[in-house]
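Chain order of the listed sequences is E and S. Here my numbering is used: the first residue of the first sequence is 785, the next is one more, and so on. Here my numbering is used: the first residue of the second sequence is 31, the next is one more, and so on.
Don't take every hint at face value.
With a Cα cut of at most 20 Å, we get these calculated EDC-like pairs of lysine to aspartate or glutamate [claimed, not checked]:
#, chain 1, residue 1, chain 2, residue 2
1, E, Lys846, E, Glu836
2, S, Lys128, E, Glu828
3, E, Lys855, E, Asp841
4, S, Lys128, S, Glu35
5, E, Lys795, S, Asp69
6, S, Lys140, S, Glu35
7, E, Lys862, E, Glu828
8, S, Lys128, E, Glu867
9, E, Lys862, E, Asp841
10, S, Lys128, E, Asp841
11, S, Lys111, S, Glu39
12, E, Lys855, E, Asp870
13, S, Lys140, S, Glu107
14, S, Lys128, E, Glu837
15, E, Lys800, E, Glu867
16, E, Lys800, E, Asp858
17, E, Lys795, E, Asp841
18, E, Lys855, E, Glu867
19, S, Lys128, E, Asp840
20, E, Lys799, E, Asp870
21, S, Lys128, E, Glu834
Rather than coming from a laboratory, the hints here were simulated on the basis of the structure.
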Amino acid sequence: EAGVVQSPRYKIIEKKQPVAFWCNPISGHNTLYWYRQNLGQGPELLIRYENEEAVDDSQLPKDRFSAERLKGVDSTLKIQPAELGDSAVYLCASSPRLPALDTQYFGPGTRLTVL
Amino acid sequence: GQSLEQPSEVTAVEGAIVQINCTYQTSGFYGLSWYQQHDGGAPTFLSYNGLDGLEETGRFSSFLSRSDSYGYLLLQELQMKDSASYFCAVKRETNAGKSTFGDGTTLTVKP
Numbered sequence: 785e786a787g788v789v790q791s792p793r794y795k796i797i798e799k800k801q802p803v804a805f806w807c808n809p810i811s812g813h814n815t816l817y818w819y820r821q822n823l824g825q826g827p828e829l830l831i832r833y834e835n836e837e838a839v840d841d842s843q844l845p846k847d848r849f850s851a852e853r854l855k856g857v858d859s860t861l862k863i864q865p866a867e868l869g870d871s872a873v874y875l876c877a878s879s880p881r882l883p884a885l886d887t888q889y890f891g892p893g894t895r896l897t898v899l
Numbered sequence: 031g032q033s034l035e036q037p038s039e040v041t042a043v044e045g046a047i048v049q050i051n052c053t054y055q056t057s058g059f060y061g062l063s064w065y066q067q068h069d070g071g072a073p074t075f076l077s078y079n080g081l082d083g084l085e086e087t088g089r090f091s092s093f094l095s096r097s098d099s100y101g102y103l104l105l106q107e108l109q110m111k112d113s114a115s116y117f118c119a120v121k122r123e124t125n126a127g128k129s130t131f132g133d134g135t136t137l138t139v140k141p
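Could you put the whole structure together from the sequences, leaning on the hints where they help?
What follows is the structure in structure tokens.
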């Protein structure tokens with residue numbers, strides 16, 4: 785079974801530039817999450833989707849961040865414009881509907897550096 | 031607000047046993063998970079406690095005490111490959127959503 789796929793793995797941009805990250809979850813997983821992980825900290829939830837519906841985006845900085853999951857499968861997270869403080873690893877995770885445990889399957893992440 | 035506390039660093043030798051503690055204060059609690067993350071890698075699920083007590087999975091065990099808002103991850107027969115960061119995460123809703131992660135404990139295993 786293929787895991788969660790993310791691209792790109794690394795991205796370096798200058799501040800004020802736009803950037804987009806892509807995620808393809810594990811096949812059949814209804815729930816998709818985007819997290820941001822700063823160095824030395826745990827993942828912080830940005831947005832959670834149930835199929836194509838964003839059910840929790842309370843932590844998403846909506847002035848510059850946007851996300852979509854149009855067909856309830858893959859998803860894109862965008863930042864426009866990027867700021868220096870956005871440098872972090874952006875993790876995508878997925879989980880099946882009503883998992884028996886609290887299991888989230890994470891992708892390898894995109895390491896963003898804003899110069 | 032939500033807060034999870036875990037030690038920032040732990041060091042142990044190969045073959046030893048180490049315990050990583052996690053205390054939490056959250057609004058809503060359904061269970062405690064543990065994830066492992068190697069440097070530059072993705073967090074991977076280790077265990078979940080929805081009820082008080084001990085859950086054992088091979089060399090790893092996890093414990094939960096709801097009344098004490100406390101849990102721990104126990105790693106036995108430590109191996110060099112266990113050097114990684116370990117995160118506790120509180121599940122705050124019945125669905126998988128609403129999980130709050132701690133800042134992680136960096137475990138260094140020495141020969």
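Exercise. Identify every previously stated hint that the structure contradicts and give their numbers, smallest first.
Key: Going through the list in order, the structure violates hints 6, 8, 12, 16, 17 and 18 and respects the others.
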